[in-house]
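Novice: For reference, the chains in residue letters:
There are 2 protein chains.
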Amino acid sequence: MKINKNYLNLKPSYLFKNIAERTEKYKKENPDADIIRMGIGDVTLPLCKSAVKEMIAASEEMSDINSFHGYPESFGEDFLLDAIKYHYSKHIGVEVDTSEIIVTCGAKEDTANILDIFDTDNTVLIPDPVYPVYLDTNIMAGREVKFISANAENGFLPMPTEKDKADIIYICSPNNPTGEVYSKEQLKIWVDFALANNSVILYDAAYEMFISDIELPRSIFQVEGARKCAIEFCSFSKTAGFTGVRCGYTVIPKELEADGMKLLDMWKRRQSTKFNGVSYVVQRAAAAVFTDEGYSEICENINYYRTNTENMMQTFDSLGIKYYGGKHSPYIWLKCPSDMKSWDFFDFLLKECNIVGTPGAGFGENGEGYFRLSGFGNIERTKEALKRIEDKLKK
Amino acid sequence: MKINKNYLNLKPSYLFKNIAERTEKYKKENPDADIIRMGIGDVTLPLCKSAVKEMIAASEEMSDINSFHGYPESFGEDFLLDAIKYHYSKHIGVEVDTSEIIVTCGAKEDTANILDIFDTDNTVLIPDPVYPVYLDTNIMAGREVKFISANAENGFLPMPTEKDKADIIYICSPNNPTGEVYSKEQLKIWVDFALANNSVILYDAAYEMFISDIELPRSIFQVEGARKCAIEFCSFSKTAGFTGVRCGYTVIPKELEADGMKLLDMWKRRQSTKFNGVSYVVQRAAAAVFTDEGYSEICENINYYRTNTENMMQTFDSLGIKYYGGKHSPYIWLKCPSDMKSWDFFDFLLKECNIVGTPGAGFGENGEGYFRLSGFGNIERTKEALKRIEDKLKK
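Line by line, the protein sequences give chains Z and L. Numbering-wise (numbering that gives the first Met the number 0), the first sequence opens with residue 0 and increments by one. Numbering-wise (numbering that gives the first Met the number 0), the second sequence opens with residue 0 and increments by one.
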């Protein structure tokens, strides 16, 4: 047999491996170093009480023949679809039909798998810097990829021009890695651009819970016209600390069509053929997150992480270090001081402050000279890290 | 944008929808009918105690900041990889390295997703009748599919001849839907055929736990040469009643190469790009299944289902109805009596016996005139169903 030769065009993904190796080497040479990790995008707070309670109750149900659950519904159990619809309506102000929601194991899986329903002949527009999955999944399928430059000039929120025409457009807002958020007016320009060019927008809203300004859109469906051109990807990972639980959902409006086919129907056909639904216990935990009690618990966690980004912003403000994100995102995207390159600043932080972060260069060419720090850590440890940075960088 | 036009070549999947509609209609017209469902391949016994205990313990860990688990390992946690290796070694007599095992949400997902790493230009050989996922996923990718006929003449265990040459070969043993199992000698012929033609065998072993004869292979890796041509797909769904829990695993030997690439590396690249690992609580439950205690509990459940197939075989023997499977499989694949067509026998069973089964015609052309009954039901209800069949069909 022959392999999918597009895989040969993938660049080895060295970013986190390289980070781990440099950190490991430093630790070996400095066994007493008290290293603070602010690199990875993983959460650290435990699951909220409501979710755990439901997870345990569901596990117990599975041990009793009268309450056992076999194959899940392919697109999500009704109780979870109802909970997600309620979340959209109550917290975001967007009405979606439960038939437009498809529950899965996570937004990473969905942003990758959705490509199955599109022709490999489509062109793709991806911002640079970017979450690497968008690029790699399209390389695997052999699609032509164009980049749109996110940079200091456009505040890392690029807007489309004639040359950016493409069939498939990725938008991630709040953005990973830059932490920046599009306004409704900016998204409207993207939506109009997509409608004018018969493009589909793949809208990654995995960080929507971090938006604290009611004027900023948490869903692309808050923008007029989006139901005719956009697919939205959401996740419980950052919303409710489900990185190790695995649950997400995708919303495809009924109106969204191409070549006379409803994309919702195509995605459902894809999912019922290649997927068998999400674990019952996981779905129960996920539904608990969007009850009023669960929601107030996850908001507490989000506020905890927000304290970290607020402290970070305060420190970088006082140091005169330029940064993006942070306000509506767990990530701070900072300009490396003294025009250092990303990996040089990585080494500097590791050696001088014993802090591990993520070099921006790992997210694309435009990330060079930038650095991502995460607010997902412990408040006291993050404060300690900021103190170290302050001590080293204060003029 | 343009859609993936291969989707237009998919036939609507009417089988289970059609079954549900006919059953619903009958129930409306006969509200007092006591219907026994022997159609679907879902399990009915609850999870074993060991699995539930671990699932609850893991859920509790997730509620404590000191024992919380974030992103899982992409290919499975060490404790689960070790448990699967132990299962292979102790119960099947096959040695696999933990680095060759990749844990996922299920065998359906894996048999579908594995196709990503192969060229769309490969030809595919699929037995008829067959589990519909093999066919549909290849149609979605636009691959050329050939069928090999499984029929009464070859005991529903077709063997390859020159004309069956193909790049990708599907084998499911014990088979869904026919319940038949290849012997080691037969599998050896398939392996040699694959090696001679540079084919890869996609070996679906989802029903391996139902094999009770130690001489029959539970893994293709019990056959010499298989490590150079086969990928094996396994599942906790039927093994341990995990249809609603969702966990499976795929084994790709290190030796397996094509175009100079290790397929194991390609699959790992695919998974780390498009998948984020299996829920921690699910992995804990899965690992418990392969402890000595858990294994004895799941064997009890398998024996329970086996009682059903034994009772079914006894009844069909006494009625002189020809059938396949049952011995090493939860499925009985029977020749419809009086040369009835599959759907006619469906209607007969529904109306005369109030039993719902699965028409063989739904699994491919060669399934016409055959019928699948499942042993996953309750023992008393299955006995009751067999009594009704006996009453109606006794000469």
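In short, the hints are calculated from the structure, not lab data. There's no promise every hint is true.
If several chains are the same, the list does not tell them apart, and a pair holds so long as it fits within one copy or across any two.
Restricting the straight-line Cα-Cα distance to at most 25 angstroms, the calculated cross-link-like pairs of lysine to any residue (SDA-like) are [claimed, not checked]:
no.: 1; residue 1: K350; residue 2: L215
no.: 2; residue 1: K382; residue 2: T119
no.: 3; residue 1: K1; residue 2: K227
no.: 4; residue 1: K1; residue 2: E161
no.: 5; residue 1: K273; residue 2: G40
no.: 6; residue 1: K52; residue 2: I64
no.: 7; residue 1: K26; residue 2: Y70
no.: 8; residue 1: K382; residue 2: G363
no.: 9; residue 1: K273; residue 2: N5
no.: 10; residue 1: K382; residue 2: N8
no.: 11; residue 1: K145; residue 2: M339
no.: 12; residue 1: K1; residue 2: D81
no.: 13; residue 1: K273; residue 2: L14
no.: 14; residue 1: K84; residue 2: I35
Novice: Please sort K382 with N8 into within, between, both or neither, judging by C-alpha distance up to 25 angstroms.
Specialist: neither (42 angstroms within a copy, 58 angstroms between copies)
Novice: Within a copy, between copies, both or neither: which one fits K26 and Y70 at a CA-CA cutoff of 25 angstroms?
Specialist: between (47 angstroms within a copy, 23 angstroms between copies)
Novice: With identical chains, the pair K145 and M339 could be close in the same copy or across copies; at 25 angstroms between alpha carbons, which is it: within, between, both, or neither?
Specialist: neither (28 angstroms within a copy, 59 angstroms between copies)
Novice: When no copy is named, should K84 and I35 be tagged within, between, both, or neither for a Cα gap of at most 25 angstroms?
Specialist: Neither: 39 angstroms inside a copy, 35 angstroms across copies.
Novice: Quick one: K273 to G40, C-alpha cut-off 25 angstroms, is that within a copy, between copies, both, or neither?
Specialist: Between copies, since 17 angstroms is at most 25 angstroms while 28 angstroms is not.
Novice: Checking an output row: K350 and L215, CA cutoff 25 angstroms. Within, between, both or neither?
Specialist: neither (39 angstroms within a copy, 59 angstroms between copies)
Novice: Reference check for the pair K382 and G363, CA-CA at most 25 angstroms: within, between, both, or neither?
Specialist: Answer is neither: 29 angstroms inside a copy and 64 angstroms across each miss the 25 angstroms cutoff.
Novice: Which holds for K273 with L14 at a C-alpha limit of 25 angstroms: within a copy, between copies, both or neither?
Specialist: between (30 angstroms within a copy, 17 angstroms between copies)
Novice: Cα distance capped at 25 angstroms. Does K52 pair with I64 within a copy, between copies, both, or neither?
Specialist: both (21 angstroms within a copy, 16 angstroms between copies)
Novice: If the cut is 25 angstroms between Cα atoms, do K1 and E161 qualify within a copy, between copies, both or neither?
Specialist: between (39 angstroms within a copy, 20 angstroms between copies)
Novice: I want to check one pair: K1 and K227. Are their C-alpha atoms no more than 25 angstroms apart within a copy, between two copies, both, or neither?
Specialist: Answer is between: at 15 angstroms across copies they meet the 25 angstroms cutoff, but 39 angstroms inside does not.
Novice: Evaluate K1 and D81 at a C-alpha cut-off of 25 angstroms and name the case that applies: within, between, both or neither.
Specialist: Neither. Shortest intra-copy (45 angstroms) and inter-copy (32 angstroms) distances fail the 25 angstroms Cα cut-off.
In summary, the structure is inconsistent with hints 1, 2, 8, 10, 11, 12 and 14 from the numbered list given earlier, while agreeing with the others.
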